[in-house]
Structures are given as C-alpha cells and as structure tokens.
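Keeping their order, the protein sequence lines are chains A and B. The first sequence begins at 53 in my numbering and counts up one residue at a time. The second sequence begins at 198 in my numbering and counts up one residue at a time.
If you're looking for bench data, these hints aren't it; they were derived computationally from the structure. Note that the Cβ used here is the ideal one computed from N, Cα and C, for glycine as well. You can trust all of the hints, since none of them are fake.
In silico negatives: residues of chain B with every beta carbon more than 12 angstroms from chain A:
| # | residue |
| --- | --- |
| 1 | K200 |
| 2 | D219 |
| 3 | G246 |
| 4 | R249 |
| 5 | A254 |
| 6 | V258 |
| 7 | Q282 |
| 8 | V284 |
| 9 | K285 |
Here are some chain A residues pointing at chain B (derived, C-beta under 8 angstroms):
| # | residue |
| --- | --- |
| 10 | V102 |
| 11 | L264 |
| 12 | E266 |
| 13 | F267 |
| 14 | Q273 |
| 15 | S277 |
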Amino acid sequence: MGAQLRVYRQKIKSAKTTKKITRAMELISASRIQKAQQRVAASNPYTSAVTRAVSAVASHSDIDHPLTRQVENPTKAAVVIFTSDRGLAGAFSSGALKEAEALSKRLTDQGMTVVYYLVGRKSVAYFKFRQRPFVRDWQGGTDQPGFETAREIAAEITDAFNRPNEDGGVDEIYLVGNRFVSMILQEPTTIRLLPLEIVEEEASSALEVFPLYEFEPEPEQVLDSLLPVYIESRIYNAMLQSAAAEHAARQKAMKSATDNADKLILNYTRLANAARQAEITQQISEIVGGADALATVKD
Amino acid sequence: MAKQVVVNLVSAEREIWSGEADMVVAKTSVGEIGLLAGHEPILAVLVGGQIRINSTAGNVVVETQEGGFISMESDVVTVVVRDAQLVK
Numbered sequence: 053m054g055a056q057l058r059v060y061r062q063k064i065k066s067a068k069t070t071k072k073i074t075r076a077m078e079l080i081s082a083s084r085i086q087k088a089q090q091r092v093a094a095s096n097p098y099t100s101a102v103t104r105a106v107s108a109v110a111s112h113s114d115i116d117h118p119l120t121r122q123v124e125n126p127t128k129a130a131v132v133i134f135t136s137d138r139g140l141a142g143a144f145s146s147g148a149l150k151e152a153e154a155l156s157k158r159l160t161d162q163g164m165t166v167v168y169y170l171v172g173r174k175s176v177a178y179f180k181f182r183q184r185p186f187v188r189d190w191q192g193g194t195d196q197p198g199f200e201t202a203r204e205i206a207a208e209i210t211d212a213f214n215r216p217n218e219d220g221g222v223d224e225i226y227l228v229g230n231r232f233v234s235m236i237l238q239e240p241t242t243i244r245l246l247p248l249e250i251v252e253e254e255a256s257s258a259l260e261v262f263p264l265y266e267f268e269p270e271p272e273q274v275l276d277s278l279l280p281v282y283i284e285s286r287i288y289n290a291m292l293q294s295a296a297a298e299h300a301a302r303q304k305a306m307k308s309a310t311d312n313a314d315k316l317i318l319n320y321t322r323l324a325n326a327a328r329q330a331e332i333t334q335q336i337s338e339i340v341g342g343a344d345a346l347a348t349v350k351d
Numbered sequence: 198m199a200k201q202v203v204v205n206l207v208s209a210e211r212e213i214w215s216g217e218a219d220m221v222v223a224k225t226s227v228g229e230i231g232l233l234a235g236h237e238p239i240l241a242v243l244v245g246g247q248i249r250i251n252s253t254a255g256n257v258v259v260e261t262q263e264g265g266f267i268s269m270e271s272d273v274v275t276v277v278v279r280d281a282q283l284v285k
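With the rest of the complex left out, here is chain A (with noise of 0.2 angstroms):
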C-alpha cells in the first residue's frame, strides 16, 4: 500500500473514532436536558411563592433592610461566575467568563474593585491560568446542582455583603451565568443579586395589588427571614438554568462535531480513492513500460 494511502486511510479511522465519542455525548446530553428541565420546572413553584412573599412584604412597608440598602458609593463588588466543570460545550463556559469579563470591567470604570467567587472547574482553571486571585470556589456537580451548593454559596456571599468593607466586605453582588432560552439558544447573562431588586417573574404580576397581610410576627422578621430564602432560591435557580443550558450547549457543540466528522470522512474517503486509484494507474504504467524495454532489449 502506497505511504499516501496509508496516510488517508488513518485520518478516516481517527475521524471514525472520534465520531463515536461525539455521537455518544451528543445523546447523552439530550437525554440529560430533560431531566435538567424538568428540575427548573419543579423548583419553579418554589421561586415563585418566594418571590410573590417578598413582594408583598416590599409592596406593604418602606422596606429598609441592610439587605435592600444601597450604598452610596460603592467601592467593591463581587461577581460570582457559573460554568461548568467539563469542556466540549461549545461557547459555553467561555461565553460567561467574557460576561464577566465585560462586567469587571464596566464595575472597575466605575471605580469599584471586584472579587471573584466561581462556581465549575472551567473558571477555576481559567482564573488559575491566569494567576488572577479569588475569594472561593465551588467544583463539581455543575450538571446536576443540589439545593445544598446553593446554600452555600448564598451564606458565603451574604456574608461577604454584610461585613463592612475593610474587612472584605462587598458592597454589590453580580451572578453571571448562562440563562437557558431554547434548545439552540443560551446566553450568558448578568443579575444584580445584591442589594436587592425585587423583580417579578412575569411582568403581568407586576401590577397586581397585594391584599392587606397580616405579618407574624412583625414585617421586619418576615423580611428578614424571607430575603436570605430568596437570595437562595435565586441562586439555585441560576445554577438550574446554568446546567440545563450547559446541557444544551453540549448536545448542540458535539452535533456539530458529529457532522463535521462525517463531512471529514466523506472528504478523506475520496482523497484516498483517489490516491488508489492513482497507485494503480502508476503500477499499470510501471509494467507496460517496464514489458516494453524489455521487448526492445529482445529485438
């Protein structure tokens, strides 16, 4: 077999394998979609109440909440940054670390020095590449996220935002992470957690009047308790969304690597029909030429 040959008939074989990788994955992540679904539907209900209670707490009083309070000028912020802990996502998790990137620096014109928190081993390895520094981090788990890793992260930054500044306090807290529209789409997106914006899901709740509640015990408790709950259940719904987009993500980066590979097959398939083809003619030709010296030799 001619070294050419050889050449074209490896690549095929190297895209063939590869294309099997890239198949399973694909399917792995669309069965996994579902499922990622399924639990931002079901912590829905949740959210929902959560928001719709803080509402009508806000809507009753003039809250003031060290939690709701905006300082005057603020001097730090912290940006927590959702990935994911595997690549082969397309623009994925680079699609939120440029989000935080553009947000950094948007906060530094500002005047604000920003720290980091990051949730997904990519933006842990991105930050440590760099040798930029962060407050802490959170890995694994990024596909499938528990309620408990919310916690966490929502006491931690919480904490942060109640410690006054000289003592690495923050005075705002961005998420960034990638918000999940549809199966083709996913876009990175910034909410300002902290102070707070109370926003309502839907706009069309927005203008609905809240009947006179009766607080037990006092509005103040109510809100105090409520609000870490819902910094929580915002968290949790970020990284809900963050997996089901990851998930999309994957399915829509390996189909195309999928494709791809068959495109390489095809093209590789022919350049090595073609060097076969062109072996052959040349041996043909070899022997012609080679019976034709001899038969002159002879006469």
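Chain B: place on chain A using the hints.
Just chain B, lined up with the frame of chain A:
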C-alpha cells in the same frame, strides 16, 4: 360541608403536596397556627416542626427542620419550606 382551602406545599426542589384541605396547621415563630377557609391574608414565618394538613382524602403530615414561611390569601395557602419530609 365547610369551605375548603387550596394548599400548595413546596420545597426548594419540588412541589410536595397540593390539593384541597379543611385546615392547615403549622408552627410559626410565635406559636402554632391553624388556617381555615375565610382566614384573613397572612404571611408568617415557620420554624422547624410538623405541618399538618387535614383534607378530605386523609391527613397529611410533613416534617420540616429548617422551616420557611406560610402565606394565605383568598383561601389559597402556600407553604414554602426549604427541606421537607412527607411523614404520612
């Protein structure tokens, strides 16, 4: 038959129980509270303990350790707890 309340009991991860009930009893930070149909709108903080729902289909008991909150308006009760175990 007395009027009933619609109950939604949700935890962070999923909806635990929903349906119609006669009464919901839960433990708030200032004491136990029982909600019947026609109660005025209320928003209360729950502490760990049992939440009992008396419904026509039978009684439901849910155990929570961390608490959460309960809200009621126009005969719809929403119980929100961080962690919950269906006991019965």
